[in-house]
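Here the protein sequences line up with chains A and B, keeping their order. Heads up, the first sequence is in our numbering, so the first residue is 1 and it goes up one at a time. Heads up, the second sequence is in our numbering, so the first residue is 1001 and it goes up one at a time.
Hints were generated in silico from the structure; no laboratory data involved. One or more of the hints may lead you astray.
Derived lysine to aspartate or glutamate pairs resembling EDC-like cross-links, with alpha carbons at most 20 Å apart [unchecked claim]:
(1) A:Lys128 - B:Asp1093
(2) A:Lys9 - A:Asp115
(3) A:Lys69 - B:Glu1108
(4) A:Lys116 - B:Glu1101
(5) A:Lys116 - B:Glu1108
(6) A:Lys128 - B:Asp1046
(7) A:Lys69 - B:Glu1101
(8) A:Lys64 - B:Asp1046
(9) A:Lys3 - A:Glu127
(10) A:Lys69 - B:Asp1095
(11) A:Lys3 - A:Asp118
(12) A:Lys3 - A:Glu38
(13) A:Lys9 - A:Asp37
(14) A:Lys3 - A:Asp34
(15) A:Lys64 - B:Asp1036
Bear in mind the structure is a predicted one, so any value in this text is a computation, not a measurement.
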Amino acid sequence: MTKLDELMKLPGAMAAFEFRGSGELLEQRIAYPDRIDESILDLLAHMCAANMSIATMQARGWEKVTTMKGFYPVQEFTLIGFDWSVVVSGLHREQYKQAGKFSLPPFMGVVMANDKADYEAAFAILEKQEPVQ
Amino acid sequence: MSMIRRLLALDGVNVVCHFRDDGYLIEGYGLMSRNDMGRLAQFARDYRRMIQGNADQLAMFTNMRGWTPPRGWVVRGVTQSVCGVANLVCVVDSDGAPLNEILLELREVSHW
């Protein structure tokens, strides 16, 4: 079972998706096509890519100005909307970077309904170790 | 006892701050200097506004309801994560902290 399929088993999962660092949607699973479709996921992926970059800039800046550690690299970003949440992860990409690879795997994310969302379970799936190839 | 201080009783919560709409720190507790709490409050206020803008634009471009107004955000680092809900921000351990419970508690406390 792929990680996208695992993410779709989370309570309240509406969609799971993969996207490039530049935001383009690569692959997706959608549970409720009447509520969320590919074009919405594409825009959401672009928003998440932008936020991962901004959060990374902030984490670097924060560590520099405060001397506190542990914020960088940013592993996941979560937006909790009014009814829906999106959790995206770049952890696997970081593992590739640290292994000195230039070709990086995509970001991965899941959209969940807030009333059932289990953020800890989403992080657990997104942070499962996978071998660097 | 301050209402927000009780958040520190949750496992893995290291810092909690309450700030005004302009980002001024009202109160803060935990393992951080007062100066850094002031910075954290400003950061959280700016981040909240950015997230609000993103959610508004996402809703406008997609016509999908349910994103706005956003309830909060989480940025998860290697060992430390930052969570914001309304005018509250927390620094928590990335590993072992009961994030679901922390987010629920933040939401509840933010209504006081």
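Review point. Which hint numbers doesn't this structure obey?
Key: 3, 6, 7, 14
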